[in-house]
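Okay, here's what each chain looks like letter by letter:
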Amino acid sequence: MDENALIERARNGDREAFGQLVRQHRDAVYRFAARWLADPDQALDVAQDVFVRAYDGLKNYRGESRFRTWLFSITLNASRSVARRQKRRGEVRLDTGADFPDFRTPPDARAARADAFARAARELAELPEKQRGAVTLRIYEGLSFKEIGEIIGCSEGSARVNYHHGIQKLRETLT
Amino acid sequence: MTRTDECNSIGELIPEFLAGRVSQADDRLVRKHLETCAECRNRANAVSLLQQTPMPIPDPGRWEHFVEGVVDATEEIPRVSFWRRIWEKLHGGGESR
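As they're listed, the protein sequences go chains A and B.
Residue numbers for the first sequence follow this note's numbering, so the first one is 245 and each next one is one higher.
Residue numbers for the second sequence follow this note's numbering, so the first one is 15 and each next one is one higher.
Hints listed in this document are in silico derivations from the structure and should not be mistaken for laboratory results.
A portion of the hints provided could be inaccurate.
List time: in silico DSSO-like cross-link candidates among lysine-lysine, alpha-carbon distance up to 30 Å [unchecked claim]: (1) LYS303/A <-> LYS413/A; (2) LYS390/A <-> LYS413/A; (3) LYS46/B <-> LYS413/A; (4) LYS413/A <-> LYS331/A; (5) LYS46/B <-> LYS390/A.
To be clear about the criterion: a stretch of chain B counts as covered by chain A if any three or more of its residues have a C-beta under 8 Å from a C-beta of chain A, and this derived list gives those stretches [said to hold, decoys possible]: (6) 29 to 38; (7) 51 to 63; (8) 68 to 74; (9) 83 to 89.
In silico negatives: residues of chain A with every beta carbon more than 12 Å from chain B [as the list claims (entries may be wrong)]: (10) ASP352; (11) ARG382; (12) SER399.
Every residue gets a Cβ at the ideal spot worked out from N, C-alpha and C, and that includes glycine.
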């Protein structure tokens, strides 16, 4: 069954159809939240929340953007709320996956690589929200600037500017 | 070297170039530019590092039951609109879900 048919069925309360949509998009939604938040537990909570919100909000989805783009907009809003709540509490959590085992690289080089990865994830997580959104959606999801603009809430041109500014900052801190 | 329009165009292609998803013509274009522009080489290195950074791995137990968890959570969400529910309440209409 194609995606539009699943959306229509889910809109009418078919939770099995909605389950199929969740299966199709959970990786992308989790991936975006995990890169944006740099925290797998929070990203999983966000991903779950995104799909529950999406089910509730299906009546508002008019198909003007791709379904995945619409889900990414919800993901960004949910991730922002989590990050702001965390900031208010003064918590700093950063799980970069840097301890991911890599048995092919010698231990010293492995430690250096893990440090570099941790630093990269930290610098990405410290970019201003729109720049972080633009960079994450471009380099990990390969989205167009038009779609990125729809998600981060700006024009295509402004999405481009946010991406270039973000990459410039990362170039200054990472190289 | 100052940033040029060419640097901006190349910069937008870098993620796809590094992932090997550009046309042959764009591949040649990017390679040629990177040979002569140290700034863009540094930007490409930063993007490359980010792309190689491992994805934070979700808890396997929670991931395995992710779809069921979401579908269960939607059980509480009514499919009938707010105004329809009000109408049914006022007019004693059918049972609202």
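How the hints compare with the structure:
1. LYS303/A <-> LYS413/A: Distance of about 40 Å is beyond 30 Å: violated.
2. LYS390/A <-> LYS413/A: 22 Å, holds
3. LYS46/B <-> LYS413/A: Measuring from Cα to Cα gives roughly 24 Å; hence the hint holds.
4. LYS413/A <-> LYS331/A: 22 Å, holds
5. LYS46/B <-> LYS390/A: 27 Å, holds
6. 29 to 38: Holds, because 4 residues of the segment 29 to 38 of chain B bring their Cβ atoms closer than 8 Å to Cβ atoms of chain A.
7. 51 to 63: holds (count 7)
8. 68 to 74: holds (count 6)
9. 83 to 89: n = 6 at 8 Å, threshold three: holds.
10. ASP352: It holds; ASP352/A is separated from chain B by about 18 Å at its closest Cβ, greater than 12 Å.
11. ARG382: 6 Å, violated
12. SER399: 16 Å, holds
Hint check: violations occur at hints 1, 11; the rest are consistent with the structure.
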